[in-house]
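Given chain A, put chain B in place with the hints provided.
Read off the chains here:
2 protein chains.
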Amino acid sequence: MDDGLLVVISGPSGAGKGTICSRLKEEFKDLKVSVSATTRKPREGEEEGISYFFINEEDFIKRINNDEFLEYAKVYGNYYGTPKSEVFRQLEEGNDIILEIDIQGALQVKKNYPKGVFIFILPPSLSELNKRIENRGTDSKEVIMKRMQCAYDELNYAFEYDYVVVNDEVETAVDKIKHIIFAEKNRAVRKKAIINKIREV
Amino acid sequence: MDDGLLVVISGPSGAGKGTICSRLKEEFKDLKVSVSATTRKPREGEEEGISYFFINEEDFIKRINNDEFLEYAKVYGNYYGTPKSEVFRQLEEGNDIILEIDIQGALQVKKNYPKGVFIFILPPSLSELNKRIENRGTDSKEVIMKRMQCAYDELNYAFEYDYVVVNDEVETAVDKIKHIIFAEKNRAVRKKAIINKIREV
Numbered sequence: 001m002d003d004g005l006l007v008v009i010s011g012p013s014g015a016g017k018g019t020i021c022s023r024l025k026e027e028f029k030d031l032k033v034s035v036s037a038t039t040r041k042p043r044e045g046e047e048e049g050i051s052y053f054f055i056n057e058e059d060f061i062k063r064i065n066n067d068e069f070l071e072y073a074k075v076y077g078n079y080y081g082t083p084k085s086e087v088f089r090q091l092e093e094g095n096d097i098i099l100e101i102d103i104q105g106a107l108q109v110k111k112n113y114p115k116g117v118f119i120f121i122l123p124p125s126l127s128e129l130n131k132r133i134e135n136r137g138t139d140s141k142e143v144i145m146k147r148m149q150c151a152y153d154e155l156n157y158a159f160e161y162d163y164v165v166v167n168d169e170v171e172t173a174v175d176k177i178k179h180i181i182f183a184e185k186n187r188a189v190r191k192k193a194i195i196n197k198i199r200e201v
Numbered sequence: 001m002d003d004g005l006l007v008v009i010s011g012p013s014g015a016g017k018g019t020i021c022s023r024l025k026e027e028f029k030d031l032k033v034s035v036s037a038t039t040r041k042p043r044e045g046e047e048e049g050i051s052y053f054f055i056n057e058e059d060f061i062k063r064i065n066n067d068e069f070l071e072y073a074k075v076y077g078n079y080y081g082t083p084k085s086e087v088f089r090q091l092e093e094g095n096d097i098i099l100e101i102d103i104q105g106a107l108q109v110k111k112n113y114p115k116g117v118f119i120f121i122l123p124p125s126l127s128e129l130n131k132r133i134e135n136r137g138t139d140s141k142e143v144i145m146k147r148m149q150c151a152y153d154e155l156n157y158a159f160e161y162d163y164v165v166v167n168d169e170v171e172t173a174v175d176k177i178k179h180i181i182f183a184e185k186n187r188a189v190r191k192k193a194i195i196n197k198i199r200e201v
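Chains as they are written, first to last, in the UniProt record's numbering: chain A, 1 to 201; chain B, 1 to 201.
Where hints are given, some of them may not hold.
Any copy, or any two copies together, can satisfy a pair, since identical chains are not distinguished.
Claimed, not checked - Taking lysine-lysine pairs in the DSS-like style, the calculated list, with each CA pair at most 25 Å apart, reads:
{"hint": "1", "residue 1": "185", "residue 2": "17"}
{"hint": "2", "residue 1": "146", "residue 2": "84"}
{"hint": "3", "residue 1": "192", "residue 2": "178"}
{"hint": "4", "residue 1": "178", "residue 2": "29"}
{"hint": "5", "residue 1": "192", "residue 2": "131"}
If you're looking for bench data, these hints aren't it; they were derived computationally from the structure.
Remember, it's a predicted structure, so these values are computed and weren't measured experimentally.
Extracted from the complex, chain A is given alone in its bound form (with noise of 0.2 Å):
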């Protein structure tokens, strides 16, 4: 059997990952999501295992050192990371998972797995981005000028990733990766298994 697909959704804060995320899960049944390890304490209503694995800072360490993650970061002094172990059982079991990610812990992920399908989801225009974030009303002035200059740099990693998907309208980008998937399904580098049947045949 062919090995599943690792799916990265990824690019600037604001382009809308997460809203293209929720609707690619509610497509794709099969899809699965990975489970983060977390330093952080859970809150009210996580589950362990299924909001994330609540590990403590020694042992998160720990396998730092045993290189066990796809990619991991340290944000306001807790550390978050994606275990290999657990996205490469689903996907030697041929499992699609679909991982939501910023650009740094994209391009670590590339680096340990570029067989990947990385997709980098663009904001329309700067300012539709800046109009996303102020709507958002999460953030300081000081902070969305931040993200803006932040994004504007992080334009540079779009050719590091395989596609480019411009989120001007969520169903017209859900779209677009609808088609990638199953066009990825049908790449040369996962055909090796068919190939070989036929010849026996």
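Structure of chain B alone, referenced to chain A:
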């Protein structure tokens, strides 16, 4: 504007390239078909510039030496080739082009235009391929044996392509190629124009 796609449909004789290409042309009305040059004499009903560009051998060889062909071959004493000028002009105008071609030709095209989308059409099995070639009723037993040996060897080339599509059922195969064409339009390498535009606004 982004360049059009050069979609190369290739694979062993009897895999069903021709049927698939006809269906794709029906589905994508804007898909252009490249017109080949040949030294063969025009047959009744064939039109210059539509069926073929009919040129003489001296002219053809001069064009080979000027590196004016995406690919060419000599078949039963006649030359056939795909002129670069026509194809590149269409691509630059943003038109997508489909090219149905044997494996040797496709490998030449890849060398000359690696940005193309190279799709290898596979029969579901070699015994099915054998059946299809027999059913065409155009080949002697000896030729069929040769074609089968050739197909077996040619499976090795599948991995030089971007995609491998098994043609067990024409509509399913056409559907897969439709997804591939839509997906390829979002390739990061084809998105330089749009990323620069986003930066400006």
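Hint by hint, here is what the structure shows:
1. Taking the closest pair of Cα atoms, residue 185 and residue 17 come within 25 Å of each other both inside a single copy (22 Å) and across two copies (20 Å).
2. In this assembly of identical chains, residue 146 and residue 84 lie within 25 Å of each other by CA distance neither inside one copy nor across copies; the values are 32 Å within and 48 Å between.
3. For the homomeric pair residue 192 and residue 178, the shortest alpha-carbon distances inside one copy (23 Å) and between copies (22 Å) are both at most 25 Å.
4. For the homomeric pair residue 178 and residue 29, the shortest alpha-carbon distances inside one copy (13 Å) and between copies (22 Å) are both at most 25 Å.
5. Taking the closest pair of Cα atoms, residue 192 and residue 131 come within 25 Å of each other only across two copies (24 Å); inside a single copy the shortest separation is 47 Å, beyond that limit.
Hint violations for this structure: number 2 only, all remaining hints satisfied.
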